[in-house]
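> Each chain, letter by letter, is given below.
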Amino acid sequence: MQMRNGPVLLMVSLVCCLVSTSAIAKVIHKERSLYQTILVNQEHKLLCLKFSVRREQRNQTCIDRRDPKRMVFAYTRMMLATLLFNENPKRILIVGLGGGTLPLALNQMYPDSTIDVVEIDPAVVSVARSHFNFSPTDKVTTHTLDARVFTKRLKLSLTDESRYNLILLDAFNGEYIPEHLLTQEYFQETAALLAPGGIVAANTFAISKLYHHESVTFESVFGPLLNFTSPETGNRVMIAAPGRRLDPMSEQVRQQAQRLAPQLQPYDVDIQSFPEQLSTNRDWDTEAKILTDSYNPANLLRRQKR
Amino acid sequence: MAGLVYLLAFCGGFVIMSLELLGGRLLAPYFGSDIYVWGSIITVFMLSLSFGYLIGGRLTLRPTSIFRLGLIFSTAAVLLYPLMLISEPTMNWIFEHILDPRYGSLTACVLLFLIPTVILGMISPYCVRLLVDSRANAGAVAGRLYFVSTLGSALGTLVTSFYLVLWFEMNQILLALAAVLLLLGVTALALGRNGTSIDSIELTPTANAEFT
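If you read the sequences in order, they're chains A and B. Number 181 in the working numbering belongs to position 181 of the first sequence; there are no gaps in the numbering. Add 1000 to the 1-based position in the second sequence for the working numbering, that's all there is to it.
Isolated chain B (complex conformation):
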């Protein structure tokens, strides 16, 4: 089951960076591909991830389970999907109302990427909680998890920019990312519901008290 958690973290990392790169593509027709467009994208992704970590961490104070991690993934998938539908009207509106392409691109990033990326940011701390079973191994587990999820991010960046954009349309890639999240989410939900769980993941009231 720990393997599944690592797989989820890996794919979460992959999707985050793939999405970030496609963000540049999505914004270019409206705001160019200037350095400030990338500045907007990176700012919003960093900001979203930071809040995602915070919220994901807070969530682990409640009872945690693979099932709930599956819920996070499914939510991310569901929130990613409308991006394909709303991006054009949203950016048209922004383009007409905000003249400065710096603030235009920043606003577009906030509206399009903030919420799905916050959800994706929740994955890592949640996975850490699912995997840690003692204070002694907490650091080692967190380190391994960051390793896996950042490896996913690196691969997501490489695969997207080298190959995916050559083979597929942007909407197809976005759809595939959402589909992967949904597939993993549903898998986690199914396994979680069957009662298969990591021994450590059901928080005892005392452990909970320790955190709060």
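Chain A with its partners taken away, still in its complex shape:
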């Protein structure tokens, strides 16, 4: 018995092995750009964009091939909490393209709004176009350059009409932080691009010493912030509006959530559950050193425990 079953078991386990590895990830596209290694993987029904070959590297963006609107990642959904405080953002700036999930969704929701996307890596732009249904239109423009240079350049020729009602900062890919995009000076330059009543959100990190520093830095420029963390995924989104105190529990926000709910349902964003998750509790060390162009070891701080 033993002898006869041996080869069969071996065969079965081999087949299982093959099936499971192919089910885990199939690399569809791989390219080394000037800035990173870009991988497009197929994992079950998900098509994912990764920015590193390291196995433990988290996905940057995924789309569900059977349900392309569904937002697979928590942080993308969390960024849309900004819509609770901004009924109709006419001009939107998104820093960091990734797979283009956010500009795509916002363009579908607000087809009349102008969306500017800043992405440093031309290879990311082309992969977003070829694999993730992202396509620039007359309303959606991609600017392929460093976000700091874009911001400074724009600030020189700024008019009231060219300011943004909504700015989403999503330039950190988990592996490496461009440190010049996480300083008080950069936030000040970004604040100058905000229209009156405009709102800003930054997708950052919840689980390192950097948490304290980024909080005080963000707050020092944009004022009191709403802290949106997802304990399960380690994601964090900071939301603020200069000159406005955002009250997530207000009647106005509740009504806005109600209005947005059907619109956001295809994206799997449960917007009505968001207000109570937006915390005004400053649970960080308020004495932490503010990150500036002169002091900013963000990548080193990220490796230190909170």
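Please note that a few of the clues may not be correct.
Unchecked claim - Here chain A is said to cover these stretches of chain B; the calculated rule only asks that three of the stretch's residues, wherever they fall, bring their Cβ under 8 Å from a Cβ of chain A:
1) 1025-1031
2) 1167-1173
Unchecked claim - Straight-line distance between alpha carbons at most 16 Å, and here's what the computed EDC-like set of lysine to aspartate or glutamate pairs gives:
3) Lys305(A) x Glu276(A)
4) Lys289(A) x Glu161(A)
5) Lys155(A) x Glu1169(B)
6) Lys289(A) x Glu1169(B)
7) Lys90(A) x Asp121(A)
8) Lys209(A) x Glu287(A)
Just so you know, these hints were derived from the structure itself, not from any lab. By construction, the Cβ of each residue, glycine as well, lies at the ideal position given by its N, Cα and C atoms.
Given chain A's structure and the hints, the job is docking chain B onto it.
Then chain B, alone, in the frame of chain A:
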């Protein structure tokens, strides 16, 4: 006294690389931290050092002394200090006038780093001259000096990027670099003036003729 010369060469090497790394930090808010920004920085530092070597070498054809080496260090310190004051207005001006960040960063590097780095480049050949006392040991002395100064550069790179940026603000680090140069410069000046000198360093007219 030879020990002091090696110490000066070591610190010169340390300051050069520390400054180069901080250069990347200084430029990032205006030009990003793209590969061409580093290209600009490295180009300007290499270019400055090459001219520094040339000029430093030429200087040794005149009478050499620890005192004069002290002058080189003090000059470098004095020229490094304004970097903290002029960098922002300089880069603002460049940003407004040069649209291409490649040439913007190159221009910024030239204006901010060229002169202090040329002076820092003068240190090595000058130290070689102070230490060499015969043709027979010239190669050995030059080798040891490059070893010491490049070791300083390696340490300057490591310490700056691993620790200094975590502990201090950029301006504090720059100030410390200038202060170290000044301290060493003043020490060399004081010792040089007291007449303490390496036996070989006063060039005789015949030795001078040999070089020219």
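> Each hint needs a verdict: does it hold in this structure or not?
Hint check results:
Here the stretch 1025-1031 of chain B counts 5 residues with a CB under 8 Å from a CB of chain A, which clears the bar of 3, and the coverage holds. Under the rule that three or more residues need a Cβ within less than 8 Å of chain A, the assignment of the stretch 1167-1173 of chain B holds, with 4 such residues. A threshold of 16 Å between alpha carbons decides the hint, and for Lys305(A) with Glu276(A) the separation of about 28 Å lies outside it, so the pair is violated. With a C-alpha separation of about 35 Å, the suggested pair Lys289(A) and Glu161(A) falls outside the 16 Å cut-off, and the hint is violated.
Note on Lys155(A) and Glu1169(B): the hinted pairing is violated, with a Cα-Cα distance of about 26 Å set against a maximum of 16 Å. Simply put, Lys289(A) and Glu1169(B) have alpha-carbon atoms about 11 Å apart, close enough for the 16 Å limit, and the pair holds. A distance of roughly 26 Å separates the Cα atoms of Lys90(A) and Asp121(A); the hinted pair therefore is violated under the 16 Å criterion. Our distance criterion of 16 Å between C-alpha atoms is met by Lys209(A) and Glu287(A), whose separation comes to about 13 Å.
Of the numbered hints stated above, those contradicted by the structure are hints 3, 4, 5, 7, listed in ascending order.
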